[in-house]
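There are 2 protein chains.
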Amino acid sequence: MEYFSGHITGLIEQLSLLPGIGRKTAQRLAFYIISQPEDKVKRLADSITTARMNVRYCRTCCTLTDAEECPICSNPRRDRTTIMVVETPRDLAAYEKTGKYEGVYHVLHGAISPMLGIGPDDIRLKELMQRLQTGEVREVIIATNSSLEGETTAMYISRLIKPVGVKVTRIASGVPVGGDLENIDEVTLLRALDGRTAL
Amino acid sequence: MEYFSGHITGLIEQLSLLPGIGRKTAQRLAFYIISQPEDKVKRLADSITTARMNVRYCRTCCTLTDAEECPICSNPRRDRTTIMVVETPRDLAAYEKTGKYEGVYHVLHGAISPMLGIGPDDIRLKELMQRLQTGEVREVIIATNSSLEGETTAMYISRLIKPVGVKVTRIASGVPVGGDLENIDEVTLLRALDGRTAL
Numbered sequence: 034m035e036y037f038s039g040h041i042t043g044l045i046e047q048l049s050l051l052p053g054i055g056r057k058t059a060q061r062l063a064f065y066i067i068s069q070p071e072d073k074v075k076r077l078a079d080s081i082t083t084a085r086m087n088v089r090y091c092r093t094c095c096t097l098t099d100a101e102e103c104p105i106c107s108n109p110r111r112d113r114t115t116i117m118v119v120e121t122p123r124d125l126a127a128y129e130k131t132g133k134y135e136g137v138y139h140v141l142h143g144a145i146s147p148m149l150g151i152g153p154d155d156i157r158l159k160e161l162m163q164r165l166q167t168g169e170v171r172e173v174i175i176a177t178n179s180s181l182e183g184e185t186t187a188m189y190i191s192r193l194i195k196p197v198g199v200k201v202t203r204i205a206s207g208v209p210v211g212g213d214l215e216n217i218d219e220v221t222l223l224r225a226l227d228g229r230t231a232l
Numbered sequence: 034m035e036y037f038s039g040h041i042t043g044l045i046e047q048l049s050l051l052p053g054i055g056r057k058t059a060q061r062l063a064f065y066i067i068s069q070p071e072d073k074v075k076r077l078a079d080s081i082t083t084a085r086m087n088v089r090y091c092r093t094c095c096t097l098t099d100a101e102e103c104p105i106c107s108n109p110r111r112d113r114t115t116i117m118v119v120e121t122p123r124d125l126a127a128y129e130k131t132g133k134y135e136g137v138y139h140v141l142h143g144a145i146s147p148m149l150g151i152g153p154d155d156i157r158l159k160e161l162m163q164r165l166q167t168g169e170v171r172e173v174i175i176a177t178n179s180s181l182e183g184e185t186t187a188m189y190i191s192r193l194i195k196p197v198g199v200k201v202t203r204i205a206s207g208v209p210v211g212g213d214l215e216n217i218d219e220v221t222l223l224r225a226l227d228g229r230t231a232l
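Protein chains in written order, with the numbering used here: chain A, 34 to 232; chain B, 34 to 232.
Hint data in this document are derived by calculation from the structure and do not stem from the laboratory.
Keep in mind that the hints are not guaranteed to be accurate.
Which copy is meant is left open, so a pair is good if it fits within one copy or across any two.
[Stated by the list, open to error] Cut-off 25 Å, straight-line C-alpha distance, at most; resulting in silico cross-link-like pairs (DSS-like, lysine-lysine): (1) Lys130 - Lys57; (2) Lys75 - Lys159; (3) Lys159 - Lys73; (4) Lys195 - Lys57; (5) Lys200 - Lys133; (6) Lys195 - Lys75; (7) Lys159 - Lys57; (8) Lys57 - Lys133; (9) Lys159 - Lys200; (10) Lys130 - Lys195; (11) Lys133 - Lys75; (12) Lys200 - Lys57; (13) Lys73 - Lys200; (14) Lys159 - Lys195; (15) Lys200 - Lys75; (16) Lys73 - Lys133; (17) Lys159 - Lys133; (18) Lys130 - Lys73; (19) Lys75 - Lys130; (20) Lys73 - Lys195; (21) Lys130 - Lys159.
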């Protein structure tokens, strides 16, 4: 791609290393960045370095944050007796957006996947078990994804926690609200049927 | 979004200012960036600032480059008698990828659009007309997009250049190679018919 010359090609290459950003999108982004005012571009570059340098794992729930403890864990109004286990900080954010969950979280940073060689020791399970030691926790809600890996992880965790004597629940799986039955896959339809509740 | 805390939210906000990057993608990218090794993240941030600071317009064809003159204009093997007029450096790149065009380019950085208030003075037309003064140019190929704006610009340029006595051509418009007739819009089908050539 010598027709763009050094710095532009370099930027395009760097951008296309990002997940989900192909060569074409990287090109579009690069030209956009170049066309922007200097201070705006500086803010973008700075936010990248600053975030990387200052972000660490919350010592309690393992989510990404920039303090010792994340805003949720350090909020005295959150209910510490209920822990929701999620795979990623993004999943945490998804539940936070509902504004209805008042408990705390635990972020695993992944799910067990024999296919990808990710075992129980590769995710933040030890940290979760340690949190249960205090005897304060009454319920662990497993909110891993409804994928093969998520289900495997959910099963594994529930078997691990049951001997401790803490209640373990799993978020419901079924037809999404607003979903059109005819467009929903068979596995989900059967799940929804199995999980039916009385009206 | 207080649940992510400062630096992460800041990065997400900066990323979502980029064109075509929504909140969700910005979040995904931000968490990816945070999870990467420090030096890799630094390379990304640096490439952004470096590109912005060092890129300028080629003094001849107006494309974005980091030297006085772009690699194409400064290549002695390119045919200076033919100028292809494109809207953006990305369009230039698209033609360069074919590897078959041996002439030089002129980048307008936009197209005439009365709707968006972009007139002939807002694109690099003056620079194109200046290049024709030398008498060296024999053909100007107009390769603006096949959109309303692109066509308007093509018409405008051709009327501007004809009095100078330089040959003006327009790239063909028609059915794309590999295109399925039934999926192609009517305007394109009619253009393809109008532009038919003898076999």
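Each hint, compared with the structure:
{"no.": "1", "hint": "Lys130 - Lys57", "in the structure": "between (32 Å within a copy, 13 Å between copies)"}
{"no.": "2", "hint": "Lys75 - Lys159", "in the structure": "neither (40 Å within a copy, 32 Å between copies)"}
{"no.": "3", "hint": "Lys159 - Lys73", "in the structure": "neither (42 Å within a copy, 29 Å between copies)"}
{"no.": "4", "hint": "Lys195 - Lys57", "in the structure": "neither (50 Å within a copy, 35 Å between copies)"}
{"no.": "5", "hint": "Lys200 - Lys133", "in the structure": "within (20 Å within a copy, 69 Å between copies)"}
{"no.": "6", "hint": "Lys195 - Lys75", "in the structure": "neither (51 Å within a copy, 45 Å between copies)"}
{"no.": "7", "hint": "Lys159 - Lys57", "in the structure": "neither (42 Å within a copy, 30 Å between copies)"}
{"no.": "8", "hint": "Lys57 - Lys133", "in the structure": "between (40 Å within a copy, 21 Å between copies)"}
{"no.": "9", "hint": "Lys159 - Lys200", "in the structure": "within (18 Å within a copy, 75 Å between copies)"}
{"no.": "10", "hint": "Lys130 - Lys195", "in the structure": "neither (30 Å within a copy, 61 Å between copies)"}
{"no.": "11", "hint": "Lys133 - Lys75", "in the structure": "neither (37 Å within a copy, 38 Å between copies)"}
{"no.": "12", "hint": "Lys200 - Lys57", "in the structure": "neither (50 Å within a copy, 33 Å between copies)"}
{"no.": "13", "hint": "Lys73 - Lys200", "in the structure": "neither (50 Å within a copy, 43 Å between copies)"}
{"no.": "14", "hint": "Lys159 - Lys195", "in the structure": "within (15 Å within a copy, 77 Å between copies)"}
{"no.": "15", "hint": "Lys200 - Lys75", "in the structure": "neither (50 Å within a copy, 45 Å between copies)"}
{"no.": "16", "hint": "Lys73 - Lys133", "in the structure": "neither (36 Å within a copy, 38 Å between copies)"}
{"no.": "17", "hint": "Lys159 - Lys133", "in the structure": "neither (28 Å within a copy, 60 Å between copies)"}
{"no.": "18", "hint": "Lys130 - Lys73", "in the structure": "neither (28 Å within a copy, 31 Å between copies)"}
{"no.": "19", "hint": "Lys75 - Lys130", "in the structure": "neither (30 Å within a copy, 31 Å between copies)"}
{"no.": "20", "hint": "Lys73 - Lys195", "in the structure": "neither (52 Å within a copy, 42 Å between copies)"}
{"no.": "21", "hint": "Lys130 - Lys159", "in the structure": "neither (27 Å within a copy, 52 Å between copies)"}
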